[in-house]
Amino acid sequence: MSRALSAVPARNGRGSSGPPAEAKLALVEFLLGSEDPRACTGRALEWLGVHAGVKQAICAQVDSAAERLVAAAGFGVPASRIEQFSVHLEARDHPLVKALTAAHPVALTVSDEPTLHSLQLRGPAAAVAFHGLEGEEREPAGLLLASPATPETARVLEWLAELLGHRLVRLLWYRQLARDRTLLYGIVNAVPDPVMLTDSEGRLVVANSRAESLFASRAEQSEGRRRAVTLNNMLFSAALGESALKDAAPDRRELLLVDPVEGSDLLFELLSTLAGDSREGMGIVSVLRNVSDLRRATEEIEANYARQRVAEAAARAERDRLDLIIDSVADPIVVTDPAGNIQMMNAPADRLFTEAPGTSADELQRVRANDANFTSFVANVFFGLSDLRYRGSINLVDVKTGAPVPVEAVSGQILNEQHGELSAVVTILHDRTEALERERLYEQLKRASGELERKVREATAELVRHNELLRRQAIQLEQASSLKSQFLANMSHEFRTPLNAILGYTSMLLKGVLGPLHGEQGEGLARVDSNARHLLGIINDILDISRIEAGRMPLRLSEFPLPELVGEVLAEVEPIVVQSSVHIEASVDRRLPPVQSDRQKVKQIILNLLTNAVKFTPRGAVTLSARYDPRAREVAVSVSDTGIGIAAEDQARIFEDFQQADSSPTRTHGGAGLGLSICRRLATMLGGKIQLESAPGVGSTFTLVLPRRRGRR
Amino acid sequence: MNPPSGVGPLVLLVDDYADNRDMYARYLTFAGYRVDEATNGQEALDKAGQIHPDLIVMDLSLPVMDGWEATRRLKANPQTRRIPVLALTGHALGDHEREASEAGCDGYVTKPCLPEDLAARINVMLAGTPSKSRPRGRRGSRG
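Residue numbers (this note's numbering), protein chains in the order written: chain A, 1 to 713; chain B, 1 to 143.
Take these hints with a grain of salt, some might be off.
In silico EDC-like cross-links for lysine to aspartate or glutamate, where the CA-CA straight-line distance does not exceed 20 Å [as the list claims (entries may be wrong)]:
1. Lys75/B / Asp106/B
2. Lys511/A / Asp117/B
3. Lys484/A / Glu116/B
4. Lys603/A / Glu649/A
5. Lys603/A / Asp650/A
6. Lys400/A / Asp431/A
7. Lys98/A / Asp193/A
8. Lys511/A / Glu116/B
9. Lys603/A / Asp589/A
10. Lys689/A / Asp629/A
11. Lys511/A / Asp95/B
12. Lys98/A / Glu139/A
13. Lys689/A / Glu572/A
14. Lys75/B / Asp46/B
15. Lys511/A / Asp22/B
Don't read these hints as lab results, they were simulated from the structure.
Sequences are here, hints too, so could you generate the full structure?
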């Protein structure tokens with residue numbers, strides 16, 4: 001609790017029992033002379049202790065920003081307590097806050113308030129508020145506390161509060177003012193534009209550093225710079241003089257100055273405003289904004305704009321020309337934006353994708369179908385972003401006729417030059433109808449060619465098969481022939497076995513081994529014997545042919561004289577010659593060289609030729625001649641007759657098996673017809689041949705031609 | 001045919017064709033030979049072992065055992081190896097003659113072969129071998 005201290009009525013200084021006047025005067029002198037508020041409070045509290053019998057004293061000040069009452073200095077109180085002490089001004093019930101607003105000294109007891117307790121006041125204290133500037137509203141600026149609280153103390157406190165409060169507030173205000181001034185200068189200097197305050201006479205009052213560089217010079221600076229500054233001041237004054245400033249409306253104009261350092265022109269925008277108040281006289285605040293760059297920029301923009309206009313015109317002309325070219329291209333060209341919308345197309349594309357006025361329902365449907373097909377193709381182009389070009393085919397239809405128009409589409413992406421983003425897709429459509437037709441024809445041709453090739457291949461394969469068949473048939477024929485030969489050989493054996501018995505018994509009968517013969521039995525048996533021998537001859541011929549064909553006719557080569565052989569043959573033929581009406585003339589050169597060949601076979605051939613000649617010559621002569629051709633190293637044995645002869649058409653046939661020139665059943669000449677066939681085969685075996693010259697009714701000449709030496713095969 | 005008797009050389013005729021066997025036997029007997037007969041190779045072997053003929057006329061194509069095989073066995077047997085074998089064949093193909101020679105045959109004739117020609121051949125062969133006797137048949141005696 002606080003209570004008002006009953007202040008002792010103030011008495012005149014002379015009669016007072018308070019501090020002596022000299023002490024008061026000394027304090028007043030100190031306070032007026034000190035610029036430091038802290039030193040002032042400290043001295044004042046100390047003074048209370050020395051001259052007013054105060055044990056403890058505290059000075060608290062209002063911190064209006066923090067809205068608190070804080071202790072500023074203490075006497076007889078620990079410094080730490082002073083620093084900690086703080087009371088919120090909102091705490092209106094606080095005895096100190098109350099004391100702050102009280103008109104008179106207030107007495108405080110220590111127990112009243114814990115905060116006072118914390119100050120460690122040892123007894124009741126007196127509190128007096130002090131105030132700021134006189135004449136203003138007496139806002140409390142702080143409190144002076146002193147203990148012990150006596151009426152005397154209260155009176156001294158009141159006096160001191162008046163004195164100290166006034167001085168403290170003033171000192172604090174000066175400080176505040178200095179701070180504010182520094183701040184303002186800082187702000188003004190921080191402005192990049194020159195800022196100036198001129199008085200009504202046009203004199204420069206305040207200028208920031210930027211303005212000073214333009215409008216202020218010092219003696220030590222260069223002549224040129226000082227002249228530039230002088231010129232700038234003149235230009236600025238002239239500009240201000242022209243401006244008619246009224247009230248607070250700012251004046252705006254351009255001002256061309258010289259850069260004192262660079263010497264270049266600087267264009268400013270001058271913004272001038274009346275400032276100040278009527279009491280202190282009007283000033284003018286000028287802000288200069290450098291618009292040199294701005295002007296340059298503006299001029300550049302204008303120039304750019306003009307250039308752009310020219311370029312646009314050129315581009316428009318170019319575009320018109322391009323449109324003309326694109327329209328004249330026969331292939332449809334379509335430009336699509338990234339959203340897939342058609343931005344531009346030429347006339348041929350127009351015919352595919354545009355709904356012309358008067359389009360029929362069918363045509364409309366076709367246009368939409370084309371559009372849908374194209375859109376889905378272009379969508380692929382946008383998805384396939386990796387490639388700048390995209391190629392594909394689209395099936396479109398002719399809008400007028402509905403005929404299918406297969407097109408090959410080539411899309412190219414146009415990328416934004418700065419960012420590389422897709423800005424458009426250009427698609428060129430090429431009608432492939434003709435190409436497809438050509439392709440179809442080509443395919444057809446290829447198929448036909450393939451077909452031909454296949455047929456050739458088949459025919460070739462057939463030929464191969466056929467050849468194989470023929471080869472097999474040849475083998476089979478060979479086998480059959482061999483089988484035939486084998487068969488004939490076997491048959492000849494089968495024939496010969498009973499024939500052996502026939503000939504044997506006949507021979508015994510004819511010889512009378514089995515008893516004497518009677519009557520014509522001998523003649524009959526002789527015919528049996530003759531026929532059996534004939535049969536044996538046939539069988540031997542067949543066997544010879546079989547052996548030759550089977551390659552089983554052995555060749556026994558030796559060297560022998562031909563005349564001797566001819567003699568033997570003539571002797572063997574003698575019996576039939578005797579029975580016939582022919583005579584034989586032999587003409588053999590005794591000097592014939594010996595022949596190397598198979599003697600038995602050569603003999604067989606000549607014997608056969610001679611026998612035939614006698615057999616087929618009813619009457620006349622048969623000539624046998626032998627000669628040697630040294631050039632060809634060949635021996636020729638010829639048998640000529642004057643017989644029936646052989647027609648030209650039969651001449652080849654008579655050398656075949658079982659053939660006679662007269663093959664009719666009524667033929668007059670016997671024989672199996674194998675003789676010439678065997679002769680021809682034997683001659684071939686011996687490396688020679690048999691030649692025939694004949695004319696029917698004139699006669700025949702058979703000639704055996706043999707190499708003198710038969711080479712071994 | 002009766003078992004051989006008399007004094008002429010003993011010829012064993014081996015042939016499966018009865019008429020040929022009979023025909024040659026009649027003639028050889030007429031020519032003064034003693035003759036015995038066999039119809040196949042095996043029989044020829046058996047008889048040769050029993051009667052020890054002076055010569056064997058061996059047809060080559062025979063049932064049971066052919067003439068080549070029979071000849072090989074005869075020539076392999078010390079008791080019969082000295083008996084001359086005259087091969088007689090109706091086959092004209094192949095190397096019957098060479099094969100017969102390889103089998104051990106001492107002579108070779110082909111059918112048809114007249115009985116007098118066969119007898120002449122046998123006579124020649126027996127002349128070259130030390131023989132017990134000469135044929136003294138009616139023909140020979142007649143000159």
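Original post:
Between Lys511/A and Asp117/B, is the straight-line Cα distance small enough, at 20 Å or below?
Top reply: holds (13 Å)
**OP:** With a cut-off of 20 Å on the C-alpha distance, tell me whether Lys98/A and Asp193/A pass.
**Re:** violated (52 Å)
Original post:
Does the alpha-carbon distance linking Lys603/A and Asp650/A stay inside the 20 Å limit?
Top reply: violated (26 Å)
**OP:** Measure nothing beyond the straight line between the CA atoms of Lys689/A and Glu572/A; if it is 20 Å or shorter, mark the hint as holding.
**Re:** violated (23 Å)
Original post:
Given the hint that Lys75/B pairs with Asp106/B, does the C-alpha gap stay at or below 20 Å?
Top reply: OK: Lys75/B and Asp106/B at ~10 Å, within 20 Å.
Original post:
Within a Cα-Cα threshold of 20 Å, do Lys98/A and Glu139/A meet the stated pairing?
Top reply: holds (13 Å)
Original post:
Hey, Lys484/A versus Glu116/B, does the alpha-carbon distance stay inside 20 Å?
Top reply: The hint is violated at about 34 Å.
Subject >> 20 Å limit on alpha-carbon distance, applied to hinted pair Lys75/B and Asp46/B >> reply: holds (14 Å)
Original post:
Holds or violated: are the alpha carbons of Lys400/A and Asp431/A at most 20 Å from each other?
Top reply: Answer holds: Lys400/A to Asp431/A is near 16 Å, not above 20 Å.
Subject >> 20 Å limit on alpha-carbon distance, applied to hinted pair Lys603/A and Asp589/A >> reply: holds (17 Å)
**OP:** Take the C-alpha atoms of Lys603/A and Glu649/A, compute the straight-line distance between them, and say whether it is at most 20 Å.
**Re:** violated (29 Å)
**OP:** Below or equal to 20 Å on CA atoms is what counts here, so check Lys511/A against Glu116/B.
**Re:** This hinted pair holds, its Cα atoms lying about 10 Å apart.
The structure fails hints 3, 4, 5, 7, 11 and 13 (numbered hints given earlier, in ascending order).
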